[in-house]
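Trainee: Next come the chains, spelled out residue by residue.
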Amino acid sequence: MAELKINIGKLSLKSPVTTASGTFGYGMEYADFMDIERLGGIFVKGTTAEPREGNPYPRMAETPAGMLNAVGLQNKGSDYFIHSIYPKIKDLDTNIIVNVSGSTVSSYVACAEKMAALEKIPAIELNISCPNVKKGGMAFGVTATGAAEVVRAVREVYPKVLIVKLSPNVTDITEIAKAVEAEGADSVSLINTLLGMAIDVNKRKPILSTITGGLSGPCVKPVALRMVWQTYKAVKIPIIGIGGIASWKDAVEFMLAGAAAVQVGTSNFIDPAISMKITGGIREYCDKYGFKTAAELTGALEISGNV
Amino acid sequence: MKKYMLDMTVKECINIHANHCLLKLISDCTLPGTLPGQFVQVRVDNSPATFLRRPVSIHYIDEVNNELWLLIQKVGDGTRMMSKCRPGDRLNLILPLGNGFTIPPCTDNECKNLLIGGGVGTAPLLFLGARLKAKGHKPVFLLGARTQSELLQLQYFQAFGTVYTTTEDGSCGEKGFVTRHSILKSVRFDNIYTCGPKPMMKAVAEYAFSSSISCEVSLENTMACGIGACLCCVEDTREGNICVCTEGPVFNIDKLKWLN
Ligand SMILES: Cc1cc2nc3c(=O)[nH]c(=O)nc-3n(C[C@H](O)[C@H](O)[C@H](O)COP(=O)(O)OP(=O)(O)OC[C@H]3O[C@@H](n4cnc5c(N)ncnc54)[C@H](O)[C@@H]3O)c2cc1C
Ligand SMILES: Cc1cc2nc3c(=O)[nH]c(=O)nc-3n(C[C@H](O)[C@H](O)[C@H](O)COP(=O)(O)O)c2cc1C
Ligand code: FES
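Residue numbers (the numbering used here), protein chains in the order written: chain A, 1 to 307; chain B, 1 to 260.
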């Protein structure tokens, strides 16, 4: 049986299958449906230095093979996380990775610093790409200079594994990836949601309270896959592929395109045990095609002869 | 409560009205314990327009036959697909979800409970009425609809308590809205439970509040996950934005910002 263990920099994951921030709560929400310790990691909900109420309801619109959300980073803040959530999840036998969000460089730094002090949090994922926050979030992720600025500041206070999550709402994602690599990011994860919109024709009104929101689910997969492939060719640090993964086949596609690991997001809502099915499927695929380790899948796409 | 993802078999799918159907599902294994007011998330496959699961209240649990009943109003693709199920079809459900209504202690069987439903919102009240009766209570139902043919499942409600009705056109029971029914003037109730269109629930909440009667409402905010993971279903309450799928769908009106 193929070995599923993979590495993201210094971080060792027992499987390339992890779950995406904002779609898997703190992991406990899914414990009735699967053994969450078999995941390579759990990227927990977006956490900010101060509590955030998020955006007003309605925050969700269903779209063909996907959904728009405008949650707006609702969370109780980093201190609440440290005192009330961390104690409950710290002993899980999987990597708990905190998705760190903010609206100013100093708020990212404040949150990252607090996470650095938590022994059982081996890595953070810096969310410079959330499209829902009016101030900040979007601005950092859409320019190479903005992205570099926040990564540089966080790198100074965060010595553990630093993953930077990229926004797809840019002209050239490879520029942003190269900029954050240059500032010392250990890995990049992509993609966050694509900015979209939905309208209720009967009411002639937008469905979301914020008018626009983030698109996710199978409908974004081809775009995400293309961006992972482009980024794989542009940077040397490991890539975590995200976007519409709903089956082992999708996950293998991302790995072949260059991802070292994947995150499963919106699909958890439809089948809360999907990540285990994906894990099993990747192993079977490796065995079928003679890959001894899942790590060998990364970038194994064969281009010659095809183009 | 532990949640389960189960494949269930359609036993019957009865069109009880042009826009409504009663779906009876049987489970291969013993159904997990459920509370009235809780809901299920139904997976609707093979339709490009129905990507997410559909939340549906538990209408009734027949423990003897291991059956779960859903009362469905056809409003879009998902509910229409459900209404086209045939005996033997399999449906995938996640259950039980949400909190459920508060049942007064059985020692207090003098307690007068009024269950007010409108349209398909009557769905969870049948299961609630059944459990109240099983605890020794004598539930009173007040069901409203536009017209007689839209008063659903009356014979089932009658098995668990007294049923009063209102219709907007006066074709059955008193004419007008539920909040105008004469029973509200003649009887002093201790608890009101309500589910239905939001304007109706708000009117009921206002009545209960002004009469100092404890009142629980069941909300139907749109949902993605149904298990507290996505934070899409929030209601703006006195405690801030909280998830309807885990902290609701049933709320005491004291907690909501509906009343001043
Ligand atoms: C906790 C809970 C319990 C529910 N119980 C029942 C029940 O017992 N029986 C039943 O028939 N329905 C119930 N619903 C509503 C049901 O989930 C929706 O009607 C269904 O999801 C619509 O799916 P669709 O694909 O048919 O329609 P869609 O194509 O998704 O929508 C059709 C129209 O209905 C509107 N709509 C969709 N969902 C909702 C909603 N939740 N609230 C208000 N408007 C909505 C849409 O805006 C659109 O205009 C419940 C909802 C919740 C949250
Ligand atoms: C409801 C919801 C909430 C999300 N919240 C966050 C968040 O807090 N931080 C973040 O970096 N990404 C967040 N995301 C984005 C996902 O982590 C993921 O990048 C995106 O949904 C694409 O993957 P998918 O198509 O598999 O869902 C959220 C997505 C959804 C659907
Ligand atoms: S529907 Fe996802 S949190 Fe309630």
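Rather than coming from a laboratory, the hints here were simulated on the basis of the structure. Hints may be right or wrong, so weigh each one.
The list that follows gives simulated cross-link-like pairs (lysine-lysine, PhoX-like), each with its CA atoms no further than 25 Å apart [stated by the list, open to error]: (1) Lys74/B <-> Lys84/B; (2) Lys84/B <-> Lys277/A; (3) Lys198/B <-> Lys203/A; (4) Lys205/A <-> Lys74/B; (5) Lys90/A <-> Lys2/B.
Trainee: Does each hint hold? Answer for all of them.
Mentor: Cross-check of the supplied hints:
| no. | hint | in the structure |
| --- | --- | --- |
| 1 | Lys74/B <-> Lys84/B | holds (10 Å) |
| 2 | Lys84/B <-> Lys277/A | violated (29 Å) |
| 3 | Lys198/B <-> Lys203/A | holds (17 Å) |
| 4 | Lys205/A <-> Lys74/B | holds (23 Å) |
| 5 | Lys90/A <-> Lys2/B | holds (22 Å) |
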